[in-house]
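Colleague: Here are the chains, one letter per residue:
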Amino acid sequence: MAYKIQPGVIGCAIRPAIAAQDRSLEEIIYDTTQQALDDAGLTIEDIDGIIVGSNDQLDGRAISVMMASGPVGGVDRDILSTPSGSEHAFILGALRVATGQFQTQLVVSWSPTEASSIGEAERLGADPYFHRALPLDELSAHALQATALEQRVPGVREVAASVLAKNRRHGALAYPDPPLHPKPGPARWPLAAGTTTSPVTGCVAMVLATADFIAERGLVDVAWIRGMGWATEPSFLGDRDLSTAPALAAAAQQAYKEAGITDPMMQLDVAEVTDATPYAELLAYEALGLCGREDWAARVGDGTFALGGRLPVNLSGGVQTFNPVFCTGLIRVAEIANQVRGHAGAHQHRNTRNGLAQAGSGFAMQYQAAIVFGREREKRA
Amino acid sequence: MSNDRVGIIGIGQSAFQARRDDASYPDLVREAVVLAMNDAALEFDDIEAVVYSLSPDAMVGIGNAERLGVDAVGARNKRFLRINTGGATGISSVAAAYYHIASGACDVVLTAGADKVGECGDSQTVLNKIWDPTYERQLPLGTINMLGMSAIRYMHAYGLTEEDMALVTVKNRRQAALNPNAHLRRIVTVDDVLASRCIAWPIKLLDSCPQSSGGGAMVLASERFIKERKLEAVWITGLAHCSESYWLGDRMGKNPAADHADAFALGRSFQRAYKMAGITNPYEQVHVAELYAPFSNTEYHAIDAAGFCKPGESIGMLREGQFELGGKLPVNPSGGTLCTNAIAVTAMIRVAEIALQVWGRAGAHQAKGARVGIASGNGGDHQFFGTMVIEA
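For the protein sequence lines, the chains are A and B, in the order given.
Throughout the first sequence, residue numbering follows the working numbering, covering 1 to 381 in sequence.
Throughout the second sequence, residue numbering follows the working numbering, covering 1 to 392 in sequence.
Just so you know, these hints were derived from the structure itself, not from any lab.
Incorrect hints may have been included.
Unchecked claim - Listed next, the in silico DSS-like pairs over lysine-lysine satisfying Cα-Cα at most 27 Å (straight line): (1) B:K275 - A:K4; (2) B:K310 - B:K254; (3) A:K4 - B:K227; (4) B:K227 - A:K257.
With the rest of the complex left out, here is chain A:
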């Protein structure tokens, strides 16, 4: 553990799919923030600083954090924003707590669906000369990644179908009575219709604190951060091998080193990965050191990553169940924090002591992050 102070997660509010007809985005953000504070047993007066993860293109605003500063309680507070990724908001919040200069941090991210075309909003994120005209949106990038994998790994399409079925099965157990039923995503070869999930409005908030604060308040359900890693690939798709995830491998290496994880399959109890497509989940298995591609078919086939298996992945149902595009990464982090805290609800995994969250975002998962949580606080000399 590299950090001066070990941060812990003490509150989460995950709203992965919101039927938003009767609430404005500001009200959704306010509701979610209050829910996370309630979960932590705090009020906004206890919060020293706030990190927001939001995206201008999806929000339809320039500097979208501005609108949110009221709903998240930012007035007269120290607030920063990471538009690169929702998971980056968590990382920066954790770093701030780890300095010891802040006792608490609130981290909030959301993803609305009001844009007339989310694909067009995403296309603005492609460089204007080479990629934008393809046209490139996230679904196209996912499809290119699936193509690359199909070229390299014979039979991967069948394995991907099994991963998809697993996550949808998990999702039906986790959310037996969902607030809304997401629609299957459109086809984009080689991704068949329904291989992805259409976007929904979502919001997520988390509260972090120092050990001193946690002890002072007598809080017991804590997910301690044991290690964090994050990294990026270059943006030009031609500079990348989309059938690999080197940035995730780098991020996992950072996180495992900090957490002292040498055998993730044996030392972790549960994981959430950003399964924007089942191909992305398979790539994550490999880059996270859970299972090389030569063993994908066997391990998926024997249920290693399913409920009841050695390392259940995406007990929440993952992105294949709910896809609030921009905040899916932070939701993975919050899901694992809740698993470790014993607060995961219908999909709580028994005896979870250590969990891993992987967040990927950008075109074909350009940005990657891996975060290891533990039930026990680190013992220091």
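With chain A held as given, fit chain B onto it using these hints.
Modeller: The following block gives chain B in isolation, referenced to the frame of chain A:
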């Protein structure tokens, strides 16, 4: 002795101009990064993380344009994230880099960015989109008329005149003339300012910042790394952010939450940074300041908020020459935001310039004997405020 401090070990900035037809957006980022890396005398392998400084995407015309900058900052397969707090983004990015190191996660962090504000088409059309689409966007609000309203409030509260505003421009242009990286370096007179075209009364053309193109980059490192490598550094000893309400209406009327004449949250942010740095009397303990002021009138409430005087007293003190280069407490010796504004890095340049000042490396615009300096950045609709104390 403690090894807990965070130091600045490398600085790079473009010579800012109205256009850079010779350089793409990533080229400008790279230009600043190369300068900062050379200044720090480090290799890219030494850089453990990068904080990317970019304010509204729409200014560049590319959503999440930081993705295009990954190679320019050498971040492939490294820790990378982007900060956006509007005009404050640059100082917020330095703060985020600081937290990477102060947390113990990293020893060496690069922060960098660039902007091409003058090449974006119309920055005020972009900036209009920061406001609420239902209530305020149609007025139409822009950052100029927003701060014009602040000038009117300051005139009402403290007796500011248009001539007082012009005096800020005259001072800052004189100082920018000494700074080879400043964009507007032509010396002007009070009469020139008063005769210039009215933009949003009382703000005139020469009361306004330019739209600049250029990049900025800084390398920060842990005290342990700096000592091990025997590097030269200056130190970030205090930092903070504070925010105001999004809604301009909450800063006006009979019972404002914080008066739009003042910079309430900037003051709060400075108080927090001073507390961290152990500064109790800023007027006596601070030697030089780079205060984010894109329009002449806003330099007054920034000086007030920095705690150099009571609100409104800055008008008389500036007339006395206290804030001139060579005066008691030089403000914006680089020429400041009023003479150079590449929004994504403007507030980073405030920090960089103060670092150069306390380092004694500011060249012709060096404030003599400066050892303690402060920097600030303002973002959003005068909403997000970052502050920093830098010491030799």
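Colleague: Could you run down the list of hints and mark each one as holding or not?
Modeller: Here is what the structure says about each hint:
1. Note on K275 of chain B and K4 of chain A: the hinted pairing holds, with a Cα-Cα distance of about 21 Å set against a maximum of 27 Å.
2. Distance hint between K310 of chain B and K254 of chain B is fulfilled; the C-alpha atoms sit about 22 Å from each other, no more than 27 Å.
3. With a CA separation close to 19 Å, the supplied pair K4 of chain A and K227 of chain B stays within the 27 Å bound.
4. With a C-alpha separation of about 25 Å, the suggested pairing of K227 of chain B with K257 of chain A holds against the 27 Å cut-off.
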